[in-house]
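All chains, full assembly: derive it from the sequences and hints.
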Amino acid sequence: MTASRSERPEQFFLEKYGLSTRSLESTLGRALGQRIDYADLYFEYQTSEFLSLEEGIVKKVSKDISQGVGVRAIAQEKTGFAYSDEITVDHLLSAAKTARYIAEDGAGREAVPVHQAASLSHNLYSVEKHPIEMPAAEKVALLQEVDRLARAYDPRIKKVMASFSSEQKIILIVTSKGLVVGDVLPLMRLNVSCIAEDGSNRQVGSFGGGGRSAFEFFFEATENDTTKKRYAHYVDEAARQAILNLSAIDAPAGAMEVVLGPGWPGILLHEAIGHGLEADFNRKSTSAFSGRLGERVASDLCTVIDDGTIPNRRGSLNCDDEGTPTRRTVLIEKGILKNYLQDRLNAEMMKMPLTGNGRRESYAHSPMPRMTNTFMLAGESDPGDIIRSVQKGIYAVSFGGGQVDITSGKFVFSASEAYLIENGKIGAPVKGATLIGNGPDVLTKVSMVGNDLSLDSGVGTCGKDGQSVPVGVGLPTIKISEITVGGTAA
Amino acid sequence: MEFEIEHAEALLSRAKALGASEGDIVAVEGESFSTQVRLGEVEKISSARGKRLGLRLFFGKRSAITSTSDLSETSLDRLLSDTCDLAKIAEEDDFSGLPSGEACANSFPELDTVDREIGALSIDEKIAMARQTEAAALAQDKRLSNSDGADFSHSYNERLYVASNGFHGRFEGSGVSLSVAPIATQDGKMQRDYWYSSKRKFKQLESAESIGITAAKRTLRRIGAKKVATQKVPVIFERETAASLLGHLASAVSGHTLYKGASFLQDQLGKQVAAKNISLYDDPTLPLALGSRPFDGEGLPSYKKMIVEQGILKSYLLDTYSGKKLGLPSTGNAVRGTGGPPSAGPSNFHLLPGDFSIEDLIRSVGSGLYVTELIGFGVNMTTGDYSRGASGIWIENGKLAYPVEELTIAGNLKEMFKQIDMIADDIDATKSIASSTLKISEMTVAGN
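One line per chain: the protein sequences are A and B, in this order.
Each residue of the first sequence is one higher than the last, beginning at 1 in my numbering.
Each residue of the second sequence is one higher than the last, beginning at 1 in my numbering.
Worth flagging that the hints you see were computed from the coordinates, not collected in a lab.
Calculated cross-link-like contacts (lysine-lysine; reagent style DSBU-like; alpha-carbon spacing at most 35 Å):
hint	chain 1	residue 1	chain 2	residue 2
1	A	K59	B	K260
2	B	K431	B	K325
3	A	K229	B	K88
4	A	K334	B	K227
5	B	K227	A	K445
6	B	K324	B	K305
7	B	K232	B	K399
8	B	K325	B	K260
Right under this line is the structure:
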C-alpha cells in the first residue's frame, strides 16, 4: 500500500489503524505526566524496494514494509522513549507509560488537545508518481541497460554490479504542543560499481545518484552534457574510475597542499565541521566547537550552509522529524561561526531557535540534531587557477566515507579518485588514501575557493549513534594549504 | 513467539499452491532496553519490542524476498502475493536454491546464549549500574570533568527459521553491555575515550568499577597528544584495533566477495596469505560467545573450522550460493537477515593467541606506533590498499612514550598479514571477531 497523492498522512494513519483524534489526545496525556515538559508521537509507514544486478542478471529483488509508532517524553534534558510496531490504542498507551517513566512520574494527565493537521511550509518533492510505484520491470530494464553500457565502455571492465533502491515514507507527527503534521517522502538511488582487470591488477570504480524525485530523473540530461542521460553518466563515471585506477601509483604520505574538486568532496564539511556543530555535542560541551559561536573557525573565504529546503535533494525535508519546518541555516559566515544545528530538546535547553534539524532514522529511533544538505558557497577563483597555484600536492575529486571524533576534532575522509599535482599541473592518478585533519582549524587553511559550487549526485548516508539518515553535501573547488595525506610513498 | 512453526509452514504451503517451487521464512522477535546516564543524571531511557518476518520464494531459478514488521493476517496475505509478483520479475539464476533437507542440521549444540536472570533487575538497578560506571571513571582524576555518558543496555532476540526443504529451527540469544565515555580537559583541549563490556549474560560483565577505571586510564593517556613526522615504523595494534584487521580478512574470504571477484585474496586457497605464526578459526559453537548460533542462516550445521593455519588459507566462509559459484560446498557460514537473501560471514572468528605479553611487543620496538583507535573507511577490499586515521601512543626505546594523534597508517592488507611478527596473549574469546594485540613489522605512518 502506498498513499495516493490526494490522501493526507493523518487520514492514512487514522483510517488504516482505526485510531481517532481522541485516542491520540489521550495517548499524549498519558505520555505527558505532571513533570513532563513535552511529548510526541511519530507514526511511520515505510515501503522500500531493492533490485540488484550482477553477472548480467537481476538476481535480487526484495521489498519491505515497516510500520510503527515511537513515543517520546521529555523532562528537561531527560528523554523517555518507547516504540511499538503495532499501531493500536493499547500499544500506544503502553508505550506512553514507558516513555513517561523518565520523570519518575506516577500518573498521566488528562487528554492533551491537538489541532487540525497543519499544512507543510514547503513542498519540496511533489512527484507525480513515486519511484516505488513504477513497475519493477522498468527498473530491471534500467539495470540491464546500465550493465550493457558499462561492458561496452572498455573491454577491461570485467564485472558490473548495479542496484536500484526506492522507498516511500509516510509519517505523522503529533506533539503535546498540539501540532499535527504529516508528510509523504519519496527517495531513490541508482548505484553502479565496475571492476576493471588488467592481468592481475584489479580495480574498482563506483558512482551513483538519486534524490527525492521521480524515476524519470535518471533519464534526464546531466547538467554538464545535454546529450548524456544521468544513468549513462553514472556508468561512465564508475567505469572511468575503475580503468583510471589500473594505472594509479602509490599515494604520497605526509602534510601537503590539497585541492578538493567540486561536489561530493563536500564530505569534508560534513565531517570536519557539520557534526561538531550539532547542538547535542555543544550543549554537553563535548564538541571541539563548544562555546565558539562568534569566533573565527575558517578563513574569510568560507561560508558554510546547511539547507534542508533544496527541492528534490536527498537531504531535503519539508519538515524535520519533530514537525519543525526545515530551513537554510548559515553555519559559518566568512569564517565566523554563526549557528548550531538544533533539535527541539537541545534548542530548548540552550535557549536557541529551532533550525529544523531534528531527525530520526525511523519510528524505532529517537530524534537528534542531524545535517540535511551541507555545502560551502562558491568563491571567485577559477578552478584552473587553483590547480596552477599548487607546486606539489594532490587533487582529490572523489571520496568514499569519512568519520570524525567530535571531542578532539580529528576527522578523516578517504579519496577514491585522486591525482598528483606537480608544478601546477595534474599528473598521475594515485591510489586511494585517507586524509586526516583537525576540524576546528582545517577551514582556516582554505586559501582559495572556486566559482564552481556543485552539490553531490545524491548518494550520501550519514551515521550517528547507530542511526542512518540520507544527507547531501556540496563544495566548490577549494585549496587547503596543508592537510595530512595518508599514502605509502613517504 | 507469536509467529510459530505451524504458521510458517502454512504460509509456505500456500506459496507452493501458488506455484512456488521452494521457499523459506525467517521470523525475528525481540525486545531491548537501554539507559544512559550523564554526569550522574539519567539522560535517556528507551525500551522497545519489535518483530519482523522475511519470506523468500523460488519459482524455479527465479526468486524474491519480502519482509515486514506487520504480522497481521492481511499483511501476510499481501506479503505472499507481492513475493510471487516480484519473483516473476527477477531473472533466472542457475545457482539459486535452498540446500537439501538432508544437509541441514538435525541436532543442535547447547550454546548457553540466553540470560534468564536479567529480567529480575529493576529499571532503577540498571540506572544505578550506569551511574556507578560513570562515577568510577570520573573519580579517577580532576581533569575528567565531563562525560559523554555511561550506558547500560540489554536485549533479547528469538529467531525462527523454517524452509520448504523440511528444516525448522529456533534460536534465542541475549546481549548485555555496559560502557562509559569520559572526557578529559587540559589546556583547553579535550580528549575522549571509552571502555565497555559486552557479553551474552549479565554475570559475565566486567564490573562497573573496572570499566570506569579502564575508560579513565584510556582517556587520560591521550592528553597532550601530538603529531609526529611521516615515517615507516613498526605498528602495534591493540587488541580492539587488531580485531578490525581480522574483520577485513573475514570479508576477503567471504564467498560473496570472492565470487564477485572483489577480494584481495582472490584464488588464494591453499596459499600463504599470512605470516607463519597466524592461525585462526571460525567457531559458531563456543558457549557464551557473542557470535555463536546452533545452525547457520540456511539451517546448515554449525561446526568449527580453521580458516588460516600457520599462514596458509585453509577455508573460505561460504553459504550454499557462493559455494556453488566457487565449486565448493557450503561451510555453514550463511548469514541471513529478514530483508535479503543469505550472505556468508564469520560467527566467532578468532586469532589464536601468541606466547608474548603486550609488554614483550612494546619492548621489541625501538621507535613505532601503538594504535589504540582507528577511524575512517580507507580499506579497499579489492586491492587490499589500507589507509586509516589513527591515534595512540608513540613508542621510544621499547617504552610507551607519549600520546599521538592526527596520523594515518597505510599499507596493503596482503602484505600486512604477512608482516605480523609478534602476537600477544590477551584475546577475549567471548567476542565474535577477536584478536590479541599484534605487531606489524612496518607500515607508513603519515603525520607532519
